[in-house]
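S.K.: Listed in order, the protein sequences are those of chains A and B.
Position one of the first sequence corresponds to residue 0 (numbering that gives the first Met the number 0), numbered consecutively onward.
Position one of the second sequence corresponds to residue 0 (numbering that gives the first Met the number 0), numbered consecutively onward.
Worth flagging that the hints you see were computed from the coordinates, not collected in a lab.
It cannot be assumed that every hint is accurate.
[Stated by the list, open to error] Listed next, the stretches of chain B that the computed footprint assigns to chain A, with coverage defined by at least 3 CB atoms under 8 Å from CB atoms of chain A: (1) 42-56; (2) 115-122; (3) 126-136.
[Said to hold, decoys possible] Derived CB-CB ranges, DEER-like: (4) B/Ser73 with A/Phe26: 34 to 44 Å; (5) B/Ser33 with A/Leu116: 23 to 33 Å; (6) A/Leu116 with B/Gly72: 23 to 33 Å; (7) A/Ala49 with B/Pro61: 48 to 58 Å; (8) B/Ala63 with A/Arg12: 29 to 39 Å; (9) B/Pro26 with A/Gly128: 48 to 58 Å; (10) A/Phe112 with B/Asp101: 23 to 33 Å; (11) A/Pro65 with B/Thr29: 37 to 47 Å; (12) A/Ser54 with B/Thr29: 12 to 22 Å; (13) A/Ser54 with B/Ser73: 30 to 40 Å; (14) A/Ser18 with B/Tyr134: 48 to 58 Å; (15) B/Pro26 with A/Leu51: 33 to 43 Å; (16) B/Leu28 with A/Leu116: 53 to 63 Å; (17) B/Trp130 with A/His20: 21 to 31 Å.
Remember, it's a predicted structure, so these values are computed and weren't measured experimentally.
For glycine and all other residues, C-beta sits at the position ideal for the given N, C-alpha and C.
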Amino acid sequence: MTESQSMRTPLRRVRGLGSAHSGTNHFWYQRVTSVAGIPLTIGLLVIITALLGRSHAAVVQILGSPIVAIIMLLFIINTAYHMWIGMQEIILDYVHDDRWKLLSLMANTFFVFGVSLASIYAILKLSFGV
Amino acid sequence: MAKLEAGTPMEMQRARPLSPHLQIYRPMLTMMMSIVHRITGSALYIGMLLLAWWLIAAASGPNAYANVEWFMGSLIGQLVLFGYTWALLHHMLGGIRHLIWDTIHGFEPAERELLTLATLTGSIALTLILWVVGYLVMGGPR
């Protein structure tokens, strides 16, 4: 157990990132995004409830107003990171075949980027109205 | 040693005792809610498509928005939205439960049962309240 017997270099040990090369990074950010997700989800539900049954013109005006748009953008960015980590965890738990694992990890990234960027673009378009 | 064994074909490996697996245990509430947390998470993942569709339609124009309104107002759309509301609230309350557990509190048998039961009943109650509020916002009984 003495230092001299360890195969690890001092840099490796001091970084403390382990074999996954990113340490507990994902574990920590899943907690950060879940804490942030509580007020943002409540915000989303309030916004959607307030928009129920309104005309298209009214919905466009409200979704494009600064506070509403900022809450929506924060919700989408926060959720994108949270769902990306979460789905990656599910894939790593259940998909053992290397090819399928890599393909599903890629598909996860593509899906999250596609859906969240599309949503962000829509909100920005509603906000700046081009 | 472990690396060598990982590379050997299946038939060459000795039959090893398996650790007790899911079907061995009697289903418990905490265990079921753990699984449901993953299932609701996956459902919400796919459900982000609905949010994106709604936002893109609103940004596209009245015709596209009318299509979304038609779908969301249909029986299937309403069922999907109701399920989505419950999944979102259940995942949020389940997340709060996990955050409490992260602080190493609430692990006593009675406490964890209470927390788990609170997640389930809380999510159902909140979903119903939200839908009643939504129904009233929409104009109530017509």
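S.K.: For every hint, state whether the structure bears it out.
M.R.: Each hint, compared with the structure:
Residues of the segment 42-56 of chain B with a Cβ under 8 Å from some Cβ of chain A number 8, which satisfies the need for three, so the listed coverage holds. Under a criterion of three residues with beta carbons nearer than 8 Å to beta carbons of chain A, the stated coverage of the segment 115-122 of chain B fails, only 0 such residues being counted. Coverage of the segment 126-136 of chain B by chain A holds [criterion: at least 3 residues with CB-CB distance below 8 Å; count 4]. In this structure the supplied range 34 to 44 Å holds for B/Ser73 paired with A/Phe26, their Cβ-Cβ distance being about 41 Å.
Range check, B/Ser33 to A/Leu116: Cβ separation about 32 Å, and the 23 to 33 Å hint holds. Remark: the range hint 23 to 33 Å for A/Leu116 to B/Gly72 is upheld by a beta-carbon distance near 28 Å. Between A/Ala49 and B/Pro61 the CB atoms are about 20 Å apart, so this pair departs from the stated range of 48 to 58 Å. At about 56 Å, the beta-carbon gap between B/Ala63 and A/Arg12 misses the expected band of 29 to 39 Å.
At about 53 Å, the CB distance of B/Pro26 to A/Gly128 agrees with the hint of 48 to 58 Å. Between A/Phe112 and B/Asp101, the C-beta spacing of about 28 Å keeps the proposed range 23 to 33 Å intact. Look at A/Pro65 against B/Thr29: about 43 Å separates their beta carbons, and that is inside 37 to 47 Å. Separation of A/Ser54 from B/Thr29 is about 46 Å and departs from the stated range, judged on CB atoms against 12 to 22 Å.
A/Ser54 and B/Ser73 have their C-beta atoms about 19 Å apart, which leaves the hinted 30 to 40 Å range violated. Between A/Ser18 and B/Tyr134 the CB atoms are about 53 Å apart, so this pair conforms to the stated range of 48 to 58 Å. A hinted range of 33 to 43 Å for the beta carbons of B/Pro26 and A/Leu51 is consistent with their spacing of about 38 Å. A C-beta distance of roughly 39 Å is found between B/Leu28 and A/Leu116, which places it outside the suggested range of 53 to 63 Å.
Take B/Trp130 and A/His20: their Cβ atoms lie about 46 Å apart, and the range 21 to 31 Å is violated.
Consistency note: the structure conflicts with the earlier hints numbered 2, 7, 8, 12, 13, 16 and 17.
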